[in-house]
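Protein sequences, first through last, are from chains F and H.
The end of the first sequence is residue 268 by my numbering, with every number in the run present.
The end of the second sequence is residue 1268 by my numbering, with every number in the run present.
It cannot be assumed that every hint is accurate.
Lysine-lysine pairs mimicking DSSO-like chemistry, simulated, CA-CA at most 30 Å apart [said to hold, decoys possible]:
{"#": "1", "chain 1": "H", "residue 1": "Lys1052", "chain 2": "F", "residue 2": "Lys25"}
{"#": "2", "chain 1": "H", "residue 1": "Lys1265", "chain 2": "F", "residue 2": "Lys64"}
{"#": "3", "chain 1": "H", "residue 1": "Lys1025", "chain 2": "H", "residue 2": "Lys1043"}
{"#": "4", "chain 1": "F", "residue 1": "Lys255", "chain 2": "H", "residue 2": "Lys1151"}
{"#": "5", "chain 1": "F", "residue 1": "Lys268", "chain 2": "F", "residue 2": "Lys127"}
{"#": "6", "chain 1": "F", "residue 1": "Lys127", "chain 2": "F", "residue 2": "Lys169"}
{"#": "7", "chain 1": "F", "residue 1": "Lys236", "chain 2": "F", "residue 2": "Lys43"}
{"#": "8", "chain 1": "H", "residue 1": "Lys1127", "chain 2": "F", "residue 2": "Lys205"}
{"#": "9", "chain 1": "H", "residue 1": "Lys1052", "chain 2": "F", "residue 2": "Lys48"}
{"#": "10", "chain 1": "H", "residue 1": "Lys1025", "chain 2": "F", "residue 2": "Lys26"}
{"#": "11", "chain 1": "H", "residue 1": "Lys1014", "chain 2": "H", "residue 2": "Lys1043"}
{"#": "12", "chain 1": "F", "residue 1": "Lys26", "chain 2": "H", "residue 2": "Lys1048"}
{"#": "13", "chain 1": "F", "residue 1": "Lys268", "chain 2": "H", "residue 2": "Lys1043"}
Counterexamples of contact, computed for chain F against chain H with all Cβ distances above 10 Å [said to hold, decoys possible]:
{"#": "14", "residue": "Gly7"}
{"#": "15", "residue": "Glu47"}
{"#": "16", "residue": "Leu56"}
{"#": "17", "residue": "Asp71"}
{"#": "18", "residue": "Ser76"}
{"#": "19", "residue": "Val135"}
{"#": "20", "residue": "Gln138"}
{"#": "21", "residue": "Phe189"}
{"#": "22", "residue": "Glu214"}
{"#": "23", "residue": "Asp227"}
{"#": "24", "residue": "Leu239"}
{"#": "25", "residue": "Lys255"}
Computed from the model, here is a short list of chain H residues facing chain F with C-beta under 7 Å [to be verified]:
{"#": "26", "residue": "Leu1093"}
{"#": "27", "residue": "Thr1131"}
{"#": "28", "residue": "Phe1136"}
What the hints contain is simulated information worked out from the structure, not anything from laboratory work.
Virtual Cβ for every residue (Gly too), placed ideally from N, Cα, C.
Number of protein chains: 2
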Amino acid sequence: MALYLIGIGLIDEKDITLRGLELVKKASKAYLESYTSLLQCSKDDLEKLYGKEVILADRDLVEKEADKILDEAASSDVAFLVIGDPMSATTHLDLQTRAIERGVVVEVVHNASVMTAVGVVGLELYKFGKTTSIVFPQEGWDVQSHYDVVKENLARGLHTLCLLDIKVKEPSKDSLKKGADQQFEAARFMTVNQAVESLLSIEKKRGEEVFTDETLCIGCARIGASDMRVKSGTAKELLEMDFGGPLHSLIVPGKLHFMEEEALKRWK
Amino acid sequence: MALYLIGIGLIDEKDITLRGLELVKKASKAYLESYTSLLQCSKDDLEKLYGKEVILADRDLVEKEADKILDEAASSDVAFLVIGDPMSATTHLDLQTRAIERGVVVEVVHNASVMTAVGVVGLELYKFGKTTSIVFPQEGWDVQSHYDVVKENLARGLHTLCLLDIKVKEPSKDSLKKGADQQFEAARFMTVNQAVESLLSIEKKRGEEVFTDETLCIGCARIGASDMRVKSGTAKELLEMDFGGPLHSLIVPGKLHFMEEEALKRWK
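Looking at chain F on its own, in the form it has when it is part of the complex (with noise of 0.2 Å):
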């Protein structure tokens, strides 16, 4: 009787660990949190590996239905698959607490992240600052948050890792302006490309030379995948190449050690 947050790594069904395939074989319930990542397999391949059924589990159900989870967690083995590794996201956490709160028992099963995955292109993660997200723009909202942690860590010669934003399953504005039944817009994946037009758009505004046309960016898609896609270059380059299909991540690099300028060379 145990509630295990297992994480399922970044790409398909086989970045599973020994460990976490135990422990999802013999839970008696396995949910797959659906909607802060993506992978590259189907959900097929998961329940084949697995050898049962995968119930997706939406924002909605991960938020309004923790408690359900957590009745069943009490009184079976229940498995909670996270993309990626399960302490990197917020919702995840405040399972957790809950979970601890209510006695039932937790077992956590680490993976790979992109925090730390991130790597492969050749920074060292020592040298990287508080990580980012960067949100789709919306009416109304004037986010700017992720241009000052940007220009917080180049003042310390830090690099910035942007995490790029996911909508899946997002209410429609036609559909919440109506109060009708619910309609969900397709899901959308934000792309380097949008990333760096959103910096640009910010420093256009505020002008505070912290991210122009000619600051070095690292572009990165599906990264750990066989088709991994990572390209240096200035902002203006990055805006017109094509990285392909999600996930993508943008970092702003900050002062480079020799050995990391070497290590970018590969991907001019």
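Guided by the hints, dock chain H onto chain F, whose structure is given.
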């Protein structure tokens, strides 16, 4: 014919991913980097699972004989196993860069790293600033950079993860002096207590009120393992606590969100 840089996770032989296991099984040779981290299983456990010999690679072998490993990888499949994620230490970045420069195919299999697994204590990874390391005091060296990192992170309200020193197979002072056949000192792993002492001793010299007896800290040992131990308290309190065997790490939290405060209560 490739070099597989394979992360094997944080605890024991079961933390390898299915993808990683597949590759190490098919490799003709398997090295294990054995000087930047520590597993809680034996070399035997790994060999039994992999069905092959595991060659321990100390700093000397990796740094001086990298060419030999790369030669092998140019003509056969070589697995280079790394505890945690393979991209989290400088040495491996360097090996990767050299391999690519020589035209050796490199495949990276990511895994959990303490840098993200640390989220298990209930702090948001988004709110960590630059990571730092704390090294054992050495005669003639007055390292204070970790104090500065904590100071800068705190000024921005950010948490600091301090990774603690590991000394494995270091030549003893006597053998360096005499230029004799090298004698090696016993392995040493820095404890939470020693890390707190290090920061307090710098505070004593500098008096900047960055890290005092009353500073809230979180000491962590064996993150991710079933016998993980996490304790929060003031620096003074942590000095007296016993965290058991290695590896330890220390977190100096910045500004806490109420959800983080809530989560930390369980480590009091």
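Evaluation of the provided hints:
{"no.": "1", "hint": "Lys1052(H) with Lys25(F)", "in the structure": "holds (27 Å)"}
{"no.": "2", "hint": "Lys1265(H) with Lys64(F)", "in the structure": "holds (24 Å)"}
{"no.": "3", "hint": "Lys1025(H) with Lys1043(H)", "in the structure": "holds (15 Å)"}
{"no.": "4", "hint": "Lys255(F) with Lys1151(H)", "in the structure": "holds (20 Å)"}
{"no.": "5", "hint": "Lys268(F) with Lys127(F)", "in the structure": "holds (21 Å)"}
{"no.": "6", "hint": "Lys127(F) with Lys169(F)", "in the structure": "violated (36 Å)"}
{"no.": "7", "hint": "Lys236(F) with Lys43(F)", "in the structure": "violated (38 Å)"}
{"no.": "8", "hint": "Lys1127(H) with Lys205(F)", "in the structure": "holds (26 Å)"}
{"no.": "9", "hint": "Lys1052(H) with Lys48(F)", "in the structure": "holds (29 Å)"}
{"no.": "10", "hint": "Lys1025(H) with Lys26(F)", "in the structure": "holds (25 Å)"}
{"no.": "11", "hint": "Lys1014(H) with Lys1043(H)", "in the structure": "holds (13 Å)"}
{"no.": "12", "hint": "Lys26(F) with Lys1048(H)", "in the structure": "holds (24 Å)"}
{"no.": "13", "hint": "Lys268(F) with Lys1043(H)", "in the structure": "violated (40 Å)"}
{"no.": "14", "hint": "Gly7", "in the structure": "violated (7 Å)"}
{"no.": "15", "hint": "Glu47", "in the structure": "holds (15 Å)"}
{"no.": "16", "hint": "Leu56", "in the structure": "holds (22 Å)"}
{"no.": "17", "hint": "Asp71", "in the structure": "holds (21 Å)"}
{"no.": "18", "hint": "Ser76", "in the structure": "holds (20 Å)"}
{"no.": "19", "hint": "Val135", "in the structure": "holds (13 Å)"}
{"no.": "20", "hint": "Gln138", "in the structure": "holds (20 Å)"}
{"no.": "21", "hint": "Phe189", "in the structure": "holds (19 Å)"}
{"no.": "22", "hint": "Glu214", "in the structure": "holds (25 Å)"}
{"no.": "23", "hint": "Asp227", "in the structure": "holds (13 Å)"}
{"no.": "24", "hint": "Leu239", "in the structure": "holds (26 Å)"}
{"no.": "25", "hint": "Lys255", "in the structure": "holds (12 Å)"}
{"no.": "26", "hint": "Leu1093", "in the structure": "holds (6 Å)"}
{"no.": "27", "hint": "Thr1131", "in the structure": "holds (6 Å)"}
{"no.": "28", "hint": "Phe1136", "in the structure": "violated (18 Å)"}
Consistency note: the structure conflicts with the earlier hints numbered 6, 7, 13, 14, 28.
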